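With the sequences and hints as input, model every part of the structure.
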Amino acid sequence: MTVETKKETLGFQTEVKQLLHLMIHSLYSNKEIFLRELISNASDAADKLRFEALSNADLYEGDSDLKVRVSYDKEAKTVTISDNGIGMTREEVIENLGTIAKSGTAHFLKSLTGDQQKDAQLIGQFGVGFYSAFIVADKVTLTTRRAGDQAAVCWESEGEGEFTIEEVEKAARGTEVTLHLKPEETDFADGYRLRSVIRKYSDHIAIPVVMKEEAAAPTGDEEKDQEKAKEEPKDEVINTAKAMWTRPRTEISDEEYKEFYKHISHDFGEPLAWSHNKVEGKLDYTSLLYIPTNPPFDMWNREVQHGLKLYVQRVYIMDEAEQFLPLYLRFVKGVLDTNDLPLNVSREILQKDSKIDSIRSALTKRVLDMLEKLAKKDAEKYATFWKAFGQVLKEGPAEDFTNREKIAKLLRFSTTHTNKAEQDQSLEDYVSRMKEGQDKIYFITGESFNAASNSPHLEVFRKKGLEVLILHDRIDEWLMQQLGEFDGKQLVDVAKGELDLGKLDTEEEKKVHEEVAKEKADLVEKVKEALGDKVAEVRISHRLTDSPACLVVGQYDMGAQMRRVLEAAGQAVPEIKPTFEINPDHPLVEKLHNEADVDRFNDLTEVLFDQANLAAGGHLDDPAQYVHKLNKLLLELSN
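Numbering-wise, the sequence shown is residues 0 to 638 according to numbering that gives the first Met the number 0.
Please keep in mind that the hints were generated in silico from the structure rather than gathered at the bench.
Here are the computed distance ranges between Cβ atoms for each label pair:
| hint | residue 1 | residue 2 | range |
| --- | --- | --- | --- |
| 1 | P247 | Q554 | 54 to 60 Å |
| 2 | D253 | S63 | 31 to 37 Å |
| 3 | R599 | W299 | 47 to 53 Å |
| 4 | E230 | R198 | 24 to 30 Å |
These numbers come from a predicted model, not from an experiment. Cβ coordinates follow ideal geometry from the N, Cα and C atoms, glycine included.
Right, dumping it as structure tokens:
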């Protein structure tokens, strides 16, 4: 049958053009990875065919011997990677090779620095391995036919602004990628070089990667050499061709574990840690779980599918089986192979099967144990993990009540003890430094580290040498509400409710505070009258030593941090009237107390209220009026 071809020239999506340029110039120091990425794609195509053929064996088209073939042509200066996997339709080719349909693309491109080493890591995180072909090739030709279809297509590009696509003939299903090597990269058109790269990067691939045997050196016997030359070279399997997770841990090197991670994640970087485990008995499964070093760019999109690569009885089922780990562990990469599910498993079965809950519980505990071990044995690596994934892990206490205490031990915070923005202190660290008589864990939230650490609410804590957690991530206030306590000690927001330091206040301090409150009762009443319905209450402060005033919300009210998060998301937030606390020992409050002029008293009261609002991270309803009153008071003081 002759196919009437029609070649069409299409333009790359803008992001693809930018990415191609960056890959070619950023990954030059690790050119060999192109082969790993293309073999990995071919292996995935074979997995997908095997899965679809479970319900439609005709897709094999009489050939169920799945393999990846690598060949080269020294004279033509080409390297070809072909497979007999699932193949692609014309629409799939355009979608997969002409556009990047990924959330976070714009953020990714903005994050690139021009530093080739750093950009190489970012490109790996983004997972676009096919384009690595252009590191060594000035033209790439891809021919593919989807299993079960008659039509085949040829895609070709020189890695610039456009690509061509046309309908062609292709007898066998699957995909063939031919790299036309750049003049300076022709050393890849060599059998020994290609074998070396395959064994280095792709030995773990679960299907055979084959090459034709190299011609033997002449023996000197002309007749035998001529006979040998007539023989068709045999296929030689270059890799182990056995699913790596099925092998004993003692037989697998660290390098093999790292390369397998790169295969399943398409990340060019190495993992921080991994756990390989086989379970037999009531449940029968093998898991190989990895903690990445860097976050993917879609990590904050909770709607994007995340999960493990699922196999059932060594047969690939799906790439992102999200049912086996909770959402707060969505950064974990890995493979799960189980004998306890049917081969025709579907998402509906995964949602209903009780065995899933048991496996999910066990894998969750294994990941948390892995992180605990990393935190204890390698603080530097754990700091790297926390910087990348800490905010995601903070979602855990709300989502996973069973493991709440276990997760809490893995959390890291800034504190007044270290007085630095880095989050490197655990709750256990805090508890170990608690003062004698202290029975609560104190914290404060803020829009930034500086805003929180300079809050007036901390003044009495600094005076008494009490440590306070400085929380400056958007999720922190919500996190502390979910935790509630740690190690039997209540978590207390120092900016909420009436401050009660319990045994940390002496009887004498409590008595003095009560006496001052009585002495200033008239002042409190006048301030309350001046502020009217702006406040719920006015009281003498026990927490201020240097500032004249501060705002405090109710113990169970929403704090400023959470209000900002909800408002930014377009959600309505309830109106809260704060309590206004004044420091009776501050000169401005003394001046207020002695002020006889009612208008000036009211102006100074409102200026102090607005200042306290700003210090708490709030926003003024009428900034111009605040400036006007402040300027008026300054002018009166200067006269």
